[in-house]
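Fit chain to chain and form the complex, with the hints in mind.
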Amino acid sequence: MSAGVAVAQAQTATAQAKVHARLRGVTRVFEGKLSVHALGPLDLDLPRGEFFSVVGPSGCGKSTLMDLIAGLSPPTEGTVTFEDKPVAGEVPDGIGAVFQEDASFPWLTVRDNIAFGLRRAGVDPAETQRRVEYAIGFMGLREFATAYPAQLSGGMRQRVCIARTLVMQPRLILLDEPFGALDQQTRLLMGDELLRLWRETGATVMLITHALDEAAMLSDRVGVMSARPGRFIDVITTGWSRERDSNIVADPAFGVVTARLWSLLRGESLKAIGAKGA
Amino acid sequence: MTAQPPAWLAFSSRALDALVIAALFVAVWQGLYEYAGDSAITAPLATLSYAASLVKTSNFWGHAQATLVAFAYSLVISIVLGVVLGLALGLQRFAGDVAEPIFVALYTIPKVTLYPLILLIFGLGVSAKVAFGVIHGVIPIILFTLNAVKNINPVLLRTSRAMRLTQWQTVTTVLAPAVMPELITGVRVGFSLTMLGVLIGEMFASQRGLGFLIVNGISMHNVPMTTAVILIVVVFAIAANGLLLWIDKRMHRAA
Numbered sequence: 001m002s003a004g005v006a007v008a009q010a011q012t013a014t015a016q017a018k019v020h021a022r023l024r025g026v027t028r029v030f031e032g033k034l035s036v037h038a039l040g041p042l043d044l045d046l047p048r049g050e051f052f053s054v055v056g057p058s059g060c061g062k063s064t065l066m067d068l069i070a071g072l073s074p075p076t077e078g079t080v081t082f083e084d085k086p087v088a089g090e091v092p093d094g095i096g097a098v099f100q101e102d103a104s105f106p107w108l109t110v111r112d113n114i115a116f117g118l119r120r121a122g123v124d125p126a127e128t129q130r131r132v133e134y135a136i137g138f139m140g141l142r143e144f145a146t147a148y149p150a151q152l153s154g155g156m157r158q159r160v161c162i163a164r165t166l167v168m169q170p171r172l173i174l175l176d177e178p179f180g181a182l183d184q185q186t187r188l189l190m191g192d193e194l195l196r197l198w199r200e201t202g203a204t205v206m207l208i209t210h211a212l213d214e215a216a217m218l219s220d221r222v223g224v225m226s227a228r229p230g231r232f233i234d235v236i237t238t239g240w241s242r243e244r245d246s247n248i249v250a251d252p253a254f255g256v257v258t259a260r261l262w263s264l265l266r267g268e269s270l271k272a273i274g275a276k277g278a
Numbered sequence: 001m002t003a004q005p006p007a008w009l010a011f012s013s014r015a016l017d018a019l020v021i022a023a024l025f026v027a028v029w030q031g032l033y034e035y036a037g038d039s040a041i042t043a044p045l046a047t048l049s050y051a052a053s054l055v056k057t058s059n060f061w062g063h064a065q066a067t068l069v070a071f072a073y074s075l076v077i078s079i080v081l082g083v084v085l086g087l088a089l090g091l092q093r094f095a096g097d098v099a100e101p102i103f104v105a106l107y108t109i110p111k112v113t114l115y116p117l118i119l120l121i122f123g124l125g126v127s128a129k130v131a132f133g134v135i136h137g138v139i140p141i142i143l144f145t146l147n148a149v150k151n152i153n154p155v156l157l158r159t160s161r162a163m164r165l166t167q168w169q170t171v172t173t174v175l176a177p178a179v180m181p182e183l184i185t186g187v188r189v190g191f192s193l194t195m196l197g198v199l200i201g202e203m204f205a206s207q208r209g210l211g212f213l214i215v216n217g218i219s220m221h222n223v224p225m226t227t228a229v230i231l232i233v234v235v236f237a238i239a240a241n242g243l244l245l246w247i248d249k250r251m252h253r254a255a
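Residue numbers (the numbering used here), protein chains in the order written: chain A, 1 to 278; chain B, 1 to 255.
Isolated chain B, as found in the complex (with noise of 0.2 angstroms):
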């Protein structure tokens, strides 16, 4: 008979990996440094207390608000549409299984070659970062959503229909419950992905934004606020993505 470790060991040792990889991610950024150089990269320390003092200037917010507002728009959009669209395919089947292909299709043109065309049609404003933000995030939260409910398992569907419930009862008490574990998995990954496009659209052809900043930095030969506009979006993407891991996990062990 196996004795269950104790819970404090087995957060413990989470705690432990947890410790490990950060340990690796700053030994190999350590060795980058030494590797590269100042005009590069700047040390995880110097990064830390730049960073540090960047985060009390206003120049710094004002930036980091025009990131900000632009991922929200752009994740709320890619959550809206995301869902309607994949809730009205999987609930077609047959449009589903037709526009399924298609969209993974989509998903894999390399998207920043549609850029210069986005730039075009929105112009250089907020609207352009949001709209390359969508097309990021938007797709995976259709395949996510359109799975989940083609996935369903179809005797809550024989369930619903033995107890008379309305069709606006069915989708708002059985359907949208039942695919809400996948659904904020889709979100999870459209969430990563929105905040790629809105990034990457603020690196070309924008004057505000952290994307900006990380380029305006290299252009101006400051590697410290590069590197450490870098380090403040990968901490805020890893807390982001953690919060939204563990809002699934709970989703998926309810399920």
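Isolated chain A, as found in the complex (with noise of 0.2 angstroms):
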């Protein structure tokens, strides 16, 4: 019996080293004129290293979400830790954060766009060079590292975005629909490079997306989230070995991870429009 629960307890240990960022009873209310319940309560762990992306009808805290986990605001109530420290007020060293709009810097070029982080934290001139030129190289972006913002398309300035993060060396990076302006087929190459770069940095990545293909076809776990006040209906496991790209979407499989998403998510999805019926 004692030795059963030794057992449990040490599973329960590596359970718990293994968590990279941990939610608990986390919610969020924005106060105002008109109080607005965003999100939870809801809890989350997210394994080290995993590829976990979250999908939800519009407006459900999606992004809100991302931010309690970034540090970028703090919670109502519960508690959210990102490598067994709490997360309070300020982002933790090691979070990467890329957001939905296009965040690059319009006076510089890319290339400095991508080193500015580097730059800011002190990193040494010659390291800062060694890592840019490899993510200009690992990104695409050879022949537009002079070029400034504006000459580039929304697609190449949401790389630069990426780039610039990547390069801080993050070990959980979290994107807030960071292809949400993007064509079907850009979408698809960046999910790829998205994987790429997964496999690469060894990195956990939480992606926020609205595309349920998307997330299917790059996630290990999809989490589902409720119309607002956002909470996690399920949370489907693909099992999609690490080598995965978007060939997947060939896949049997692939149609039924989508459709399973979709049969989760159209009831909520009705709510979040206000349709009767839902």
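Hints may be right or wrong, so weigh each one.
Every beta carbon over 10 angstroms from chain A, so not counted as near; a handful from chain B, in silico [what the hints assert, rightly or not]: (1) S12; (2) V26; (3) A27; (4) A36; (5) W61; (6) N153; (7) M180.
Derived coverage of chain A by chain B (criterion: at least 3 residues anywhere in the stretch with Cβ under 8 angstroms from a Cβ of chain B; other residues may be distant) [what the hints assert, rightly or not]: (8) 90-101; (9) 111-123.
No lab work stands behind these hints: they were computed from the structure.
All of these numbers come straight from a predicted model, not from anything done at the bench.
In this text, a Cβ means the ideal position worked out from N, Cα and C, and glycines have one as well.
What follows is the structure in structure tokens.
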């Protein structure tokens, strides 16, 4: 009996060590004339090295969830921990965030945009150059290295933002609909790049997306959120191998996962747009 | 498919526009001369030749220097004060929202009515001119800077936080370059208005400066001098504005 308990405890301990980010009883209420209960309460464990996606109807608090994990805004209740340290009020070292909007600095060239964070952090110039040149090559920005963001397409600018986050070597990468503005083909290819980046860096990735196929194709697990206030109504494990790419869309299992996501989301999406009979 | 016109054509069409405007300007000038005669204005050619001899006299440069010194002080004070106040009010949203309409209202006051007070406060020297220049120039710089800070793309500030920048780093490496194009526009507007203020200041109650020369020419019935100094001031203003406009456009193109 006691041996069994010990084993169980040991398993819990290893499970905890593997958890990279943890949310417990997290809620977020925006106070104001009309208080908005945006999120929760919800619990989430992100294991180290996992590719986790979040899907949900519009306005369900997906971006709020990302802000909470990144430390960009505090939870109203509950706790967020990253690498066993509480996240409170500021962005912890080791988290990189890419936003939905174009966040490239228009006054800097692509190369200087990507080097920006490293220079502010005082990383030595040789190392900065090495990482920046690598990221430029990795994200396919070689021929645009001296261009300004205004000269680039939306997709290229988003790559600059991803590269700028990547060079900081974050252990947890948070992406808030980074491909939201891109066309479907470009999205699929960017998805491949994201998978390559994820495999190569070994980082934990949390991707927020409104595209069910994107979530199904990229993720180890997909969290499905309810209409506001957002909670996880289910978490789907896809079961893909680590070496996957966009060709997976031809796999019958891909259709099954996508269909499952939609069957979970359909009712919530109807609620979100205020339809009757949801 | 429409072909892009070659660059030289675009350039020459711009040069042509400038030429047409200059020609119109000279034509109106000549027309005014025909209408009002020698006692009010000097003809374009005669003015040019007078101006050419005027700029050879040390007396003229003494006055020009007086104006430039007063203008430089006013401009520096307007820019520093305008940028600092604009940044501070832009960063404090509430203070900015309160202050902005006040500044707009202040700006509509006919400032020349304040000049007697300025003279009483600052005396007859250079400080009154500087004060009057600043009164004209500082408010547009404040307003442009304030709005630039208020309208900064919020995702840039989120990015600064996500990159764990210190407040100082955020201000110097994100906020400052982000507001720079608008700020240059403010400086460009402030530049012209500061000059206006300084020249008006010199026209009343001053013994030095180009503004004084203009008014002095009138009271001494030296119409060619008045016209020539006006021409010189206009050329300087157009050149300076052209330079600032060029910087302005470059900044906005990058953004």
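- [ ] Against the earlier hints, flag every one the structure doesn't satisfy and list their numbers going up.
- [x] 6, 7
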